[in-house]
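Construct the complete structure from the given sequences, taking the supplied hints into account.
Now for the letters of each chain:
Protein chains: 2
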Amino acid sequence: MMHPLRKHIEELIDLTDEEFEFVLQHFEPVKKRKHQHIVQEGDFVRKEYWVVKGCLKSCFFDDEGKEHILQFGMENWWITDYESFIKKTKSEINIDCIEDSDLLYITYENRERLTAQMHKMERFWAKKSKYGRIALQKRILSLLKNSAKERYDLLLEEYPQLFQRVPKKLIAAYLGVSRETLSRLSS
Amino acid sequence: MMHPLRKHIEELIDLTDEEFEFVLQHFEPVKKRKHQHIVQEGDFVRKEYWVVKGCLKSCFFDDEGKEHILQFGMENWWITDYESFIKKTKSEINIDCIEDSDLLYITYENRERLTAQMHKMERFWAKKSKYGRIALQKRILSLLKNSAKERYDLLLEEYPQLFQRVPKKLIAAYLGVSRETLSRLSS
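Read top to bottom, the protein sequences are chains A and B. Here the first sequence is numbered in our numbering, starting from 6 and rising by one per residue. Here the second sequence is numbered in our numbering, starting from 6 and rising by one per residue.
Think of the hints as simulated: they come from the structure by calculation, not from any bench. All values reported here derive from a predicted model rather than from experimental measurement. Keep in mind that the hints are not guaranteed to be accurate.
No copy labels: a pair is met if it fits in one copy or bridges any two.
Stated by the list, open to error - SDA-like, lysine to any residue: derived pairs with alpha carbons at most 20 angstroms apart:
{"#": "1", "residue 1": "Lys150", "residue 2": "Asn99"}
{"#": "2", "residue 1": "Lys92", "residue 2": "Glu162"}
{"#": "3", "residue 1": "Lys92", "residue 2": "Leu17"}
{"#": "4", "residue 1": "Lys93", "residue 2": "Ile139"}
{"#": "5", "residue 1": "Lys93", "residue 2": "Lys143"}
{"#": "6", "residue 1": "Lys52", "residue 2": "Glu97"}
So, in structure tokens, the structure goes:
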């Protein structure tokens, strides 16, 4: 059976067996239990994670202690605090496991080494990064433009599986509405 | 004198004279007057622009006809509708010139050709795309977390030159506040 990471990469670029083996040498596996974190506010984040199995959230707390969710991560998603990872700043967010999660991670140094040596992988992440940027642009448009009801419908349309796997209060924290408002939207 | 695009690219990667000449062959210059657009809602956007001189805004109108600003673009900034450019969808935004602007553009096909042939340029845009993603992540955090006053202060701190060059009503449209609120924030 093809390695899930290879399958994922080959959706965008082709790799030979040797090339994939070389890529895989740059990753390490890690298992986390539900409620464990991979990033905490204040960390200098040196790893990017790819979700083999599980579900995570990146989130932060505002001055009133209210939780806001920036992003969810499920199978085949890449997740880290990109600001901290790339600019080497202290993280302002937390990334926690919502389910027990199997992850593969690559360190910043290994990623730099791999992309410098292998144009194909530079190309792969360049494409991924473009799609990530588009998703964020859509999120901003939606925050500025859409009502809570429209944001709920968009999320349901784009990620129906989230609604099965993620507690309602986290969906509310992603949409920026209260639990009560969410109940009204989903009825 | 070094070409401004070369100076810009060499902030991230080194190029030989021959390499820069090759890169430059993939671009075309275009001049636009104040109030002219480079992208209109409904366009299939096939060009990415680099600002040699001038100032632009990417914006959209909500159902009530209210203008929202997604991004400004000034000297050395890259601007296009990345969703339309990459996914070949119809644009949902407008990009207009706030000042007379000198631009260089590269078509999608030329960019694909250039990055496929030249690992260095793939690397350059990969880095740029990462920084673009970080800026968008910061914008989302700020929209979810900060008050209008905090968003105003952050913008002033990060882009002081915007406040000299851009009409107040556009700063208000970027922050998502009314002209009256903006006057209160800036006093």
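Going through the hints against the structure:
Taking the closest pair of Cα atoms, Lys150 and Asn99 come within 20 angstroms of each other only across two copies (14 angstroms); inside a single copy the shortest separation is 27 angstroms, beyond that limit. In this assembly of identical chains, the alpha carbons of Lys92 and Glu162 lie at most 20 angstroms apart only when taken from different copies (18 angstroms versus 34 angstroms within one copy). Proximity of Lys92 to Leu17 under the C-alpha cut-off of 20 angstroms is restricted to the inter-copy arrangement: shortest distance 14 angstroms between copies versus 26 angstroms within a copy. In the homo-oligomer, the alpha carbons of Lys93 and Ile139 lie at most 20 angstroms apart only across protomers (12 angstroms), although the nearest pairing inside one protomer, at 23 angstroms, exceeds that limit.
Within a single copy, Lys93 and Lys143 get their C-alpha atoms only as close as 26 angstroms, which misses the 20 angstroms cut-off; across copies the closest is 15 angstroms, which meets it. In this assembly of identical chains, Lys52 and Glu97 lie within 20 angstroms of each other by CA distance solely inside one copy; the values are 15 angstroms within and 35 angstroms between copies.
This entry satisfies every hint, going by the numbered hints stated previously.
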